[in-house]
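Residue numbers (my numbering), protein chains in the order written: chain A, 1 to 334; chain B, 1001 to 1520.
These are calculated hints, taken from the structure and not from any lab test. Cβ coordinates follow ideal geometry from the N, Cα and C atoms, glycine included. Some clues are possibly wrong.
[To be verified] Just a few of them, taken from the derived set where beta-carbon distance is under 8 Å, the chain B residues facing chain A:
| # | residue |
| --- | --- |
| 1 | Thr1031 |
| 2 | Glu1190 |
| 3 | Arg1208 |
| 4 | Ser1235 |
| 5 | Asp1238 |
| 6 | Trp1403 |
[Claimed, not checked] Simulated restraints, written as ranges between beta carbons of each label pair:
| # | chain 1 | residue 1 | chain 2 | residue 2 | range |
| --- | --- | --- | --- | --- | --- |
| 7 | A | Glu158 | B | Gly1038 | 21 to 29 Å |
| 8 | B | Gln1140 | A | Gly56 | 19 to 27 Å |
| 9 | A | Ile30 | B | Lys1466 | 48 to 56 Å |
| 10 | A | Pro60 | B | Glu1205 | 40 to 48 Å |
| 11 | B | Glu1205 | A | Ile183 | 19 to 27 Å |
| 12 | B | Glu1469 | A | Lys70 | 54 to 62 Å |
| 13 | A | Lys70 | B | Glu1027 | 52 to 60 Å |
| 14 | A | Ile30 | B | Glu1205 | 36 to 44 Å |
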Amino acid sequence: MFNYIIKRLLALIPILIGVAIIVFLIVHLIPGDPAQTMLGERATDQALERLREQMGLNDPLPVQFWRYVKDLLRGDLGRSIMSNNPVSAELVQRFPATLELSFFAIIFAVFVGVPAGIFASMNQNSWFDNLSMLIALIGVSMPIFWLGLMFIWLFAVELGWFPPSSRIGVGLEFTPITNLYVIDSILQFNFTALKNVLHHLVLPAVALGTIPMAIIARMTRSSMLEVLKKDYIRTAYAKGLKRKIVIFKHALKNAMVPIITVVGLQFGVLLGGAVMTETIFSWPGLGKYLVDAIYARDFPIVQGGILFFAGVFVIVNLIVDLSYALVDPRIQYE
Amino acid sequence: MRKITLTTFIILAVIMSMFVTGVMAQEQGGTLVFGRGGDTVGLDPIQVTDGESFKVTQQIYDTLVDYTPGTTEVEPALATDWEVSEDGLTWTFHLREGVEFHDGNPFNAEAVKWNFDRWRLEDHPYHIGGEFTYYSYMFQGFPGIIQEVNVVDEYTVEFVLSEKQAPFLNNLAMVPFGIASPEAVKKYGEDYFKNPVGTGAFVLEEWRQGDRVILKANENYWRERAYLDEIVFRSIPDNSARFMELQSGSIDMMDGVSPEDVEAIEESDTLKLSLRPSMNVGYFAMNFKFEPFDDVRVRRAFNHAIDKQAIIDAFYAGLAEPAKNPMPPSIWGYNDEIEPYEYNPEKAKELLAEAGYEDGFEFDLWYLPVPRPYIPQGKFIGQAIQSYLSEIGVTANLVTYDWSTYLDKTDHQEAPTYMLGWTGDNGDPDNFLYVLLDKDNSNNAYESDELHEVLVEAQKTMDQDKRVELYMEAQEIIHQDAPWVPLVHSTPPIALKSMVENYIPNPTGTEKLHRVWLSE
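All chains, full assembly: derive it from the sequences and hints.
Below, the structure written as structure tokens:
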């Protein structure tokens, strides 16, 4: 098992090198010029020329690439063209926000989606089954910007139950440490802030979790239906086991592998930054930031951000692979 | 009779007292939460070019001279008065005494010289942390036209220019030229943009990147201390979500109001609207290198063919003025005597027929790919122009590119016709007329020698009345030549809670908030 993990982590290196090359090429070959974007209507030829020179954009592409690789090997992702802030600082600043939101969204998706899927499979073709699958279908096809705006309008403006957006209220005593606000407020024993942070998390987490929830519910249902048809389930019933035991101990465990796969994939996708959710809920995460960087042609940020996401995605997949062994002892890693 | 007089007197007294309390009772204290579309990029004003950064640095820093609230006229700030030599090349500024930076260091002539040297000298040890874009833009490169900065005595500083620059004072009032504490810049180096230290009414408390900037009142401010204790600038990217935050009460004011929300604000009891005086122009340009736009009759025909007011009603919620000149009326020297080309399709057709195009023609119309303050919905406005032109028998094909390519191609005169605009920097007519339409700068191959002479003379003239006269003349020449269809001057709306008092939006796009107070 240990060897397997090492092997997988080593495999990360060629993947990241490949991603680095592809990202560099894509970013530099698409039309558009960061100097031009930065100066906007004020771009005169001399001003552009001076800015390009300062940014090192006038060097031939191979020279720029070599500089990029050299810095990368030293662990230096460069500085943002827009803000002059180190890319790594920007990533460290923003990724925790994305991580926190994705975590609560996936928790919501799993805790609602899995039970709904199980219950639907137990009563196949009942009204609950039909209704929940209809809801799941709507959930999968829901445009999130619309859902988010409706949430804010209903629960924040009309009912006033939740704050409309952002991570924490104004005027609270609170110092971010890790930028995972839930953890930070616990570390500081600041339970007023913790309550406020959790309160702010509800709407965006539910909005972001809706689509994964629907996907997980559908996957759970179909996986369970398949298992429930197996002979050993019939045998279990025949032995006189209670329905609850049969469903949760015999069926669910065997249906778990595809569910874990879907949950892992969805979590990986969420960690890539939920642009729409972050925009609607003013969530200062990486997704929105990266998209802005693409528009501004902020090359170092785009390169660093995508490289970072590639790494995160591979690691999440590794964790998913390892967790198969937990639910199915027949799976072993060499 | 006597009774009535008494009643009248009492009513009058009550009204008077309400008036007095209403005006006098500026309340000290409170937090103002300002919702805006994006985060600040950096807090070193000389290194940034975006409005979201300037909005905040405006509060932290002061400039030598400042704009009078709500106008582009210049008044004293860190400099109390100044004189200029006969030849217009030497400017002497007398500085305010007893002013301190937020870090306790004194503001004096040395500090002013240090800041200007840092900006203009490429070999200065602290010429780091960015590109100093606005310095090279307003003063023409490094070191640019500011040849020398001399300390005369502790509170007197002298600028020697290599050539006359009539808008020099207006330039110095711009927010990028806020004076920073030299000691702080030395201490933080490349990271100074996160640790700003100025002399302004507010001090940076905390900046949570991507989320909010928190400012606290400067207790030692050299003007009166701010009424507010705290300002929080929150980034709320989505316009609708930001408006809902205002409705739910979690923010006190916002900019970037969508036109469709204007009606709801006007009807609301708890919200109000403030319009920023326009300092921009959105225009539709015709390129002289492409036939038939070299013919003035065709260009005038286009000017008659487009109904600007209808465009404003449809796409700006009525919150813009139709343009007749290339610069907005908020700028001095605006020529209000010019008769605009009225909307008259029949006349437009006649002009086209006169030019030999009674059967119309076909051409490419480039529309803006991104929302800008002067043209928020490029594609829709492009379609509106297209349909107006089809009414006079001309076929426009809509074309666009990504923003930076669009700028690049229009700059190289590759667009036959295109939409673009401009937001003024320093409130000087030169910053519109020369920058946009002089033969050395125009993007549509409009090359008028007559105009060039007038504009260059105005640049070298120090006498204000004479300059006004010259710019009036310049606008007349432009009107006759009709190189553009000037479309609109937009007045961006700002929505506020009714309790936010004494907010005066400035045409330059940002303003100091130290005189803002909260009632209730």
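Hints, one by one, checked against the model:
no., hint, result
1, Thr1031, "6 Å, holds"
2, Glu1190, "7 Å, holds"
3, Arg1208, "7 Å, holds"
4, Ser1235, "6 Å, holds"
5, Asp1238, "5 Å, holds"
6, Trp1403, "6 Å, holds"
7, A/Glu158 <-> B/Gly1038: 21 to 29 Å, "27 Å, holds"
8, B/Gln1140 <-> A/Gly56: 19 to 27 Å, "24 Å, holds"
9, A/Ile30 <-> B/Lys1466: 48 to 56 Å, "50 Å, holds"
10, A/Pro60 <-> B/Glu1205: 40 to 48 Å, "46 Å, holds"
11, B/Glu1205 <-> A/Ile183: 19 to 27 Å, "23 Å, holds"
12, B/Glu1469 <-> A/Lys70: 54 to 62 Å, "60 Å, holds"
13, A/Lys70 <-> B/Glu1027: 52 to 60 Å, "59 Å, holds"
14, A/Ile30 <-> B/Glu1205: 36 to 44 Å, "40 Å, holds"
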